[in-house]
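Novice: Residue numbers (this note's numbering), protein chains in the order written: chain A, 1 to 233; chain V, 234 to 342.
Just to be clear, a hint being listed does not mean it is correct.
[Said to hold, decoys possible] Far from chain V, some chain A residues (derived; all Cβ distances over 10 Å):
1. R99
2. S126
3. G127
4. L131
[Said to hold, decoys possible] Quick look at which bits of chain V chain A covers, simulated, 3 or more residues with Cβ under 8 Å:
5. 291-299
6. 306-318
These are calculated hints, taken from the structure and not from any lab test. Values in this document were obtained by computation on a predicted structure and should not be read as measured data. Here a beta-carbon is modelled for each residue, glycine too, at the ideal position from N, C-alpha and C.
Residues per chain, in single letters:
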Amino acid sequence: MPLLAYCIAEPGSNIEVPLRGVQGVPPSTIIESGLICFLSEYEPSGVNSTHVREAALAFNRVLQELLGQTAIVPFRFPTLLGDEAEIRTFLQHHAAHYRDLLGRLRDVVQIEINLTINKSSQPSGSGREYLLARQHLNRTLADAATLIRRYLGAQIRDWRQSQSSSATRCYMLVSRDDLKSTFEKFRELKIASELQARVTGPWPATDFIALPPDEHENSLQSSAPPVTTKPYA
Amino acid sequence: MPNPTGIHVEPANGAAVPTGTASRIECNQETIEQGLAKLVLSLIELLRQLLERQAIRRMEGGSLTDEQIEEMGNALMTLEAKIRELGNHFGLTPADLNLDLGPLGNLLE
Numbered sequence: 001m002p003l004l005a006y007c008i009a010e011p012g013s014n015i016e017v018p019l020r021g022v023q024g025v026p027p028s029t030i031i032e033s034g035l036i037c038f039l040s041e042y043e044p045s046g047v048n049s050t051h052v053r054e055a056a057l058a059f060n061r062v063l064q065e066l067l068g069q070t071a072i073v074p075f076r077f078p079t080l081l082g083d084e085a086e087i088r089t090f091l092q093h094h095a096a097h098y099r100d101l102l103g104r105l106r107d108v109v110q111i112e113i114n115l116t117i118n119k120s121s122q123p124s125g126s127g128r129e130y131l132l133a134r135q136h137l138n139r140t141l142a143d144a145a146t147l148i149r150r151y152l153g154a155q156i157r158d159w160r161q162s163q164s165s166s167a168t169r170c171y172m173l174v175s176r177d178d179l180k181s182t183f184e185k186f187r188e189l190k191i192a193s194e195l196q197a198r199v200t201g202p203w204p205a206t207d208f209i210a211l212p213p214d215e216h217e218n219s220l221q222s223s224a225p226p227v228t229t230k231p232y233a
Numbered sequence: 234m235p236n237p238t239g240i241h242v243e244p245a246n247g248a249a250v251p252t253g254t255a256s257r258i259e260c261n262q263e264t265i266e267q268g269l270a271k272l273v274l275s276l277i278e279l280l281r282q283l284l285e286r287q288a289i290r291r292m293e294g295g296s297l298t299d300e301q302i303e304e305m306g307n308a309l310m311t312l313e314a315k316i317r318e319l320g321n322h323f324g325l326t327p328a329d330l331n332l333d334l335g336p337l338g339n340l341l342e
């Protein structure tokens, strides 16, 4: 039976392995090259879209339980492996990269803020008015992101953001010790009335994880298979 | 529920799926039309957004005449309305057009 890979972490004697994983199967672990990987058996046949959703949520619960204890580098869901040897080979190849990464992420977690426009109105008016309205929304989104970044100041260890025409996503790394106070600060923050901000977290620091150089090259090939042994990194 | 400040704080508790496990294009027999529409509309929306950014940049830079601004704005507005209309026809929301490109991130960000 194929193995579903959850994540990689630094091995530690006090990590409690979640009792229940995807499809109700308890995750197991393997330790290789100074890294621990969490896996469970997975039966992909006969899985419909409802089961996939349940499986994705169960997968996420395992990640959250582990993230509560230590830094993790998650695999994309569903990353399926033929056997343990595959993941051992992968870890042997990239051990130095992931040990370094996990060392840097040990004390931090990721918080995401999704800034969106309140009302998604149908376009109307003149062409000039349309472009001016767009310009205004772009500026409002960018200003809100800047405001949040300044507001949180030194609590942010690292910051990334991306903007589309109707939303800005901000990703920040926050110390585990500052997590509670950061959420408290968000509750007091006020933003432009035409915007909504959805703050979620803590998440694994997936938007701050760089691929190992050779994996990055592979990931850019369009022929890459949909299911791979690559973590987010 | 959003609070009056406009900030909605939602701690991760297993109820939400994190970034990276977003939906994929489904191209099975039943959903092939919607899957293809999603792919095509996503690409058109990407181009529309690129054109819009360029138009705003040029408008801010003063390199467009009033007539050109009006024409570009009208064209982009019509295109946006058409994408919405087609999206509605296939049961797609604007968020559905933001395809997850795996390690490369989302298409429209």
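Novice: Confirm or reject each hint.
Specialist: Evaluation of the provided hints:
Look at R99 of chain A: its CB is around 20 Å from the nearest CB on chain V, clear of 10 Å, so calling it non-interface holds up. A beta-carbon of chain V is positioned within 10 Å of the beta-carbon of S126 of chain A; the least distance is around 6 Å. Annotated as non-interface, G127 of chain A brings its C-beta within 10 Å of a C-beta of chain V; the closest such distance is 3 Å. Here L131 of chain A does not stay apart from chain V, with its beta-carbon only about 4 Å from theirs, under the 10 Å limit.
Under the rule that three or more residues need a Cβ within less than 8 Å of chain A, the assignment of the stretch 291-299 of chain V holds, with 3 such residues. Only when three residues or more bring their CB closer than 8 Å to a CB of chain A does the claim for the stretch 306-318 of chain V stand; here the count is 8, and the claim holds.
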